[in-house]
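Protein chains in written order, with our numbering: chain X, 2 to 343; chain S, 2 to 343; chain V, 2 to 343; chain A, 2 to 343.
I should point out that these hints are in silico values taken from the structure, not numbers from a laboratory. Check before you lean on any hint, since a few could be wrong.
[What the hints assert, rightly or not] Derived list of chain S stretches under chain X, where covered just means 3 residues or more per stretch with a C-beta under 8 Å from a C-beta of chain X:
1. 45–52
2. 73–83
3. 285–291
4. 295–303
[Said to hold, decoys possible] So the derived label-pair ranges between C-beta atoms look like this:
5. V:Arg298 to X:Ala40: 52 to 60 Å
6. V:Thr333 to A:Lys84: 38 to 46 Å
7. X:Thr333 to S:Lys250: 47 to 55 Å
8. S:Pro274 to X:Thr25: 50 to 58 Å
9. X:Pro78 to A:Lys116: 27 to 35 Å
10. S:Pro274 to X:Ala40: 18 to 26 Å
11. X:Glu64 to S:Asp255: 48 to 56 Å
12. V:Thr333 to A:Asp106: 44 to 52 Å
13. S:Asp171 to X:Arg61: 29 to 37 Å
14. V:Lys116 to X:Arg61: 31 to 39 Å
15. A:Lys116 to V:Asp255: 22 to 30 Å
For glycine and all other residues, C-beta sits at the position ideal for the given N, C-alpha and C.
There are 4 protein chains.
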Amino acid sequence: MTHSIAILGASGYTGAELVRLISTHPDLTIAALSADRKAGMAMGDVFPFLRHLDLPVLQRIEEIDFAGIDLVFCALPHATSQKVIKGLPSDLKVIDLSADFRLRDAAAYEKWYGKPHDARDLQAEAVYGLTEFYRDEIRGARLVAGTGCNAATGQYGLVPLLKAGVIDPDEIIINLVTGVSGAGRSLKEHLLHAELSEGANPYGIGGTHRHLGEFDQEFSRIVGRPVSVQFTPHLAPMNRGILATIYVKGVGADIHATLAAAYADEPFVQVLPFGAAPSTHDVRGSNFVHIGVAADRQGGRAQVFVALDNLTKGSSGQALQNANLMLGMPETTGLMLAPLYP
Amino acid sequence: MTHSIAILGASGYTGAELVRLISTHPDLTIAALSADRKAGMAMGDVFPFLRHLDLPVLQRIEEIDFAGIDLVFCALPHATSQKVIKGLPSDLKVIDLSADFRLRDAAAYEKWYGKPHDARDLQAEAVYGLTEFYRDEIRGARLVAGTGCNAATGQYGLVPLLKAGVIDPDEIIINLVTGVSGAGRSLKEHLLHAELSEGANPYGIGGTHRHLGEFDQEFSRIVGRPVSVQFTPHLAPMNRGILATIYVKGVGADIHATLAAAYADEPFVQVLPFGAAPSTHDVRGSNFVHIGVAADRQGGRAQVFVALDNLTKGSSGQALQNANLMLGMPETTGLMLAPLYP
Amino acid sequence: MTHSIAILGASGYTGAELVRLISTHPDLTIAALSADRKAGMAMGDVFPFLRHLDLPVLQRIEEIDFAGIDLVFCALPHATSQKVIKGLPSDLKVIDLSADFRLRDAAAYEKWYGKPHDARDLQAEAVYGLTEFYRDEIRGARLVAGTGCNAATGQYGLVPLLKAGVIDPDEIIINLVTGVSGAGRSLKEHLLHAELSEGANPYGIGGTHRHLGEFDQEFSRIVGRPVSVQFTPHLAPMNRGILATIYVKGVGADIHATLAAAYADEPFVQVLPFGAAPSTHDVRGSNFVHIGVAADRQGGRAQVFVALDNLTKGSSGQALQNANLMLGMPETTGLMLAPLYP
Amino acid sequence: MTHSIAILGASGYTGAELVRLISTHPDLTIAALSADRKAGMAMGDVFPFLRHLDLPVLQRIEEIDFAGIDLVFCALPHATSQKVIKGLPSDLKVIDLSADFRLRDAAAYEKWYGKPHDARDLQAEAVYGLTEFYRDEIRGARLVAGTGCNAATGQYGLVPLLKAGVIDPDEIIINLVTGVSGAGRSLKEHLLHAELSEGANPYGIGGTHRHLGEFDQEFSRIVGRPVSVQFTPHLAPMNRGILATIYVKGVGADIHATLAAAYADEPFVQVLPFGAAPSTHDVRGSNFVHIGVAADRQGGRAQVFVALDNLTKGSSGQALQNANLMLGMPETTGLMLAPLYP
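My request is simple: use the sequences and hints to build the entire structure.
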């Protein structure tokens, strides 16, 4: 049976990635695409790589008839998203890819995003969308919040370890190298090819990056008391991919065994042999996560490495995985595309 | 109904690209993979991006039982390929991705490849694998020769024009920018990241590139007398993609109309609006070809632009398209994956 | 003896490149830097790579005292430049890096730039700044127009050939691959890393690029009648560098001999051995030009290849070379920096 | 007064970088260049970017007459270097760029390099070449050991802090992103453009990278007891540049003040304002080091960021800085070239 979906905010990278993935999904039909400033344009003119597809013309959100639509992907900017979702039919299934519903706590939202939330009841209702850890809740949810791509990457390396208690929760450092598409299709000087290629730099330093709000929320929930990690993202000259290098205190072999066991039955998460290092090259364009573990030469310390594609597993692929669950389909439907290499 | 295939030479980029594409093909099963020097290894160790797949262990060719295999993709090096194919069961369907069977003429082969052919009868039997122009022959062929990736790109822009007689066959210049994966996974100094990134250079200059043999063969066949083009390839810092800029003498509007008509029903070839330029970005990782035409400010001159992915439409995607035909399946089966962008 | 210079428009790439080059020039002192929107900022805050230098704070142009200044480099946007230069002291030496004074003819300017010129007398006075061909005029000039970077690249390959009459002026095709810094530090979607890396595309197709105005002007002047070339630029994922591949009708050996003779005494132009191809990698960050020639397999046709760095020899290095002449210094002063490789 | 130097191993990247820097050095003359396998070739044929220079033909080491040579740069592979230097005239000044003389202790050398040292007396004599910390010893040394490029980067961030005692020596994590030229011009699969561009990956994980030997040696010396750090390098798709992100326990403001004071008079080391992050883009091709400090949101923790160019300050620029000292010239001679940006 085919389900009808709409994508709001289809002119950005996560919107386009959704279209790419859904274009070969056997049971989803794209019924509507919105893009306010580009309303009236063909999607193939906004993104010529999609021109072989027969897609609805871009509309303004208010022009969309949601009557026959089963699920909406909302790929709008932060803050805009909460306003739009508040106005959608209240029985419509929604997956939000913005940051608006990731934090459950009103104060935490205000702290990290600098303003009160506009849809507090929805904020409370939303399920955090990291499929492997919230699968059951997602299956029954009406509103799912897609996670931060950096936040997802760190959590894949840490959640099973914190649950199992095999690392010290107070000594966690998440160092992260990320590709540029995570910043979206926005016109900022530091995102120009001439500024960004051929070099690397940290940003959001000193514990100021908003995805820390998600780490705090999820890790504290597991441990049962406030947990606060260090987190430093770096921008590298690559379009897709996030590599987290996580420094922990714990026994390397235990850590590896814990992760291997936790993900043994997961279709998208691959734990490499102990001592092997993953690479973002090996997951590009796919919904797969590669995880490696190394024991440090200093006993009692280890590194956990996590690689995923920020636009796929970190965003639109994750959203589609959740949509499959919410619509009663096998979780992997349309998502087993192999990575693109080289 | 599912068909069994084998891939000989699976440790190179075209072999890995075949595995990538076939991994989501609904009707093909990979029964055997060969790689002489890596025999005994798992494919996922040679190419970690494929580690989520359940694939046969790499074997030596002589270890493969071809009894239950319906079709073989031969992704071996030039010259090796002809020796190996000569030794395969004579009723086995074969698609060769090397240069060994692209030229039908014994003297032409010797001229461009510097040695006599080792399998002259097979050379005569082989069908040239540019699907859009040899579809009927391919459907009934036993041995199909995959084309040169540069040669394919140039032909998509020129074959309909030469057939229609709308350009001067003696005034054709094919200027080409190509990505690095076309050179394969070979250890050559000029293919190192440090040598190749951040710059561009021509190679095979003065009319020495072997793909000229294919242009000569195919264009002369169409025109009915020897046709000789200029062709200069350039290496640019990108992994996938070929962009041909073809300078011709003819009327721009006629040229555009001719190409638009020729490809109107082709599932993989997109002719852009007159005056629009294609980009390799928009076809990466896909089997699509984008073609653009511009009339020059000087009347009677025009440029034709062709973009495709050398590993997909220029090689392994083309091979799979041909395999679909040879095995009686719809030509597009498993090949409608959208490009990866960005 | 030290000369004082000012740079107007110092917050763009050509302005920054001038500062880079002048920072190790033995006889030039930077007395003033302007940048309207960034007035008041330190240059090291706009361009942190210059933070080791002791530079004047950025000013608005009207705040600069031109009394003690010997020469002004004007790196302002097109159209702005002509207005500003008109207002400068009339005895001040000026090198303009914009397009405003490249075309001598009022009608030609209006045709290519879409509006009448605002400073027609200055337009008539300005000397075209391609040093190797206008050296004597530049030495005595008050106002020199820096050339287009693409226009310079093509001319290095063609001017001596047209002067010597060894090629057919009516059969010239200039195909060009260019790096992204030529487009400046402007916020345009297609200049984003995510849009531009890993692919190539033509632009300004069909004979619409403004640098054609310079080709027309200079080539027609040499030949003594209107000469009209084909010219197609392509964008490749590299920050610096232009590679021109020029298709001509003529005898390869004669062409090589003509270029070798023409540039035998030039300090910055290197003609490679006959049949060798240059690379933009080998000139990056320097004022050198590398030129190669190949005879095509078809007699009477040849290719000329020219590589240079658009920001150095194509713009700011050229400007400094001219400034050296205008101020009575040896032409190579401060410009013999070797390229950066890799 | 001009000094004559020789470069042994001139066909690698560090050798070529030495030639680049020395080509505009006012007081050094290149008297001899060696490259065993390329003996007889012109340097401009091995590295066309140097073809404008008048350089000695490449020789075999045994063909070089060291009589008139004041100093030798030895840019040979590890292990080869110690054998060659042992055979040089015993009064010749030598700067070795290999790893052979970085570790003073025989056992430490054997531990990290897997074999006993072949020149133990020279090992004892060699001065560690990190100029800012060994300036006086270098001035009087005969044999100076160039440091590891990663080791240098980490030390610039940590040495003043360990000397001042403002951080906990037992809680240091050095996370590092490095460009590809650090691996040299060697033909390894993972250094190919197709394998390395567009992604990132850790290597030498778990505390196995040889530069740890240098960290152990230098940090233990300062602290007066064994100090053992964590260190994980990552490969990113850039040719030049190292970015170290160092996680320490200490007070951010104290750390910044300590570094600012330590480097206040250093010509090449720039400490950015507190809270500002450096970028490898801003030091490329130069001998400058940029250092930033951020206090973490968790009190008592901080990050130190260090950016330098591995081929310049991390290797050949450092060597030239030391040569200036050893030959009695101002330390900055020929080294004040601004970075190349973009």
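Problem set entry | Whether chain X covers the stretch 45–52 of chain S (at least 3 residues having a Cβ closer than 8 Å to its Cβ atoms) | holds (count 5)
Exercise. Between Thr333 (chain V) and Lys84 (chain A), does the beta-carbon spacing fit 38 to 46 Å?
Worked result: holds (42 Å)
Exercise. So the hint says 52 to 60 Å: do the beta-carbon atoms of Arg298 (chain V) and Ala40 (chain X) match that?
Worked result: Cβ of Arg298 (chain V) to Cβ of Ala40 (chain X): about 54 Å, so the range 52 to 60 Å holds.
Problem set entry | Satisfaction of the hinted span 48 to 56 Å by the C-beta atoms belonging to Glu64 (chain X) and Asp255 (chain S) | Once the Cβ atoms are compared, 40 Å apart, the range 48 to 56 Å for Asp255 (chain S) and Glu64 (chain X) is violated.
Problem set entry | Coverage claim, chain X over the stretch 73–83 of chain S, checked by counting residues with Cβ within 8 Å (three needed) | Since three or more residues must qualify, the claim that chain X covers the stretch 73–83 of chain S is violated, with 0 doing so at under 8 Å.
Problem set entry | Ala40 (chain X) and Pro274 (chain S) - C-beta distance against the hinted 18 to 26 Å | 21 Å Cβ-Cβ, so the 18 to 26 Å window holds.
Problem set entry | CB-CB spacing for Lys250 (chain S) and Thr333 (chain X) relative to the 47 to 55 Å hint | holds (54 Å)
Exercise. At a Cβ distance under 8 Å, does chain X reach at least three residues of the stretch 285–291 of chain S?
Worked result: With 5 residues in contact (Cβ-Cβ under 8 Å with chain X), the coverage given for the stretch 285–291 of chain S holds.
Exercise. Is the hinted range of 29 to 37 Å satisfied by the C-beta distance from Asp171 (chain S) to Arg61 (chain X)?
Worked result: violated (54 Å)
Problem set entry | Hint check for Thr25 (chain X) and Pro274 (chain S) - Cβ pair distance inside 50 to 58 Å | At roughly 26 Å between Cβ atoms, Thr25 (chain X) and Pro274 (chain S) fall outside 50 to 58 Å, so the hint is violated.
Problem set entry | Check of the stretch 295–303 of chain S against chain X for coverage (Cβ-Cβ below 8 Å, three residues minimum) | That given contact is violated, which follows from only 0 residues of the stretch 295–303 of chain S lying within Cβ reach (below 8 Å) of chain X.
For this session: Indicate whether the distance between the beta carbons of Thr333 (chain V) and Asp106 (chain A) respects the range 44 to 52 Å.
Result: Given about 50 Å between the Cβ atoms, the range holds.
Consistency note: the structure conflicts with the earlier hints numbered 2, 4, 8, 9, 11, 13, 15.
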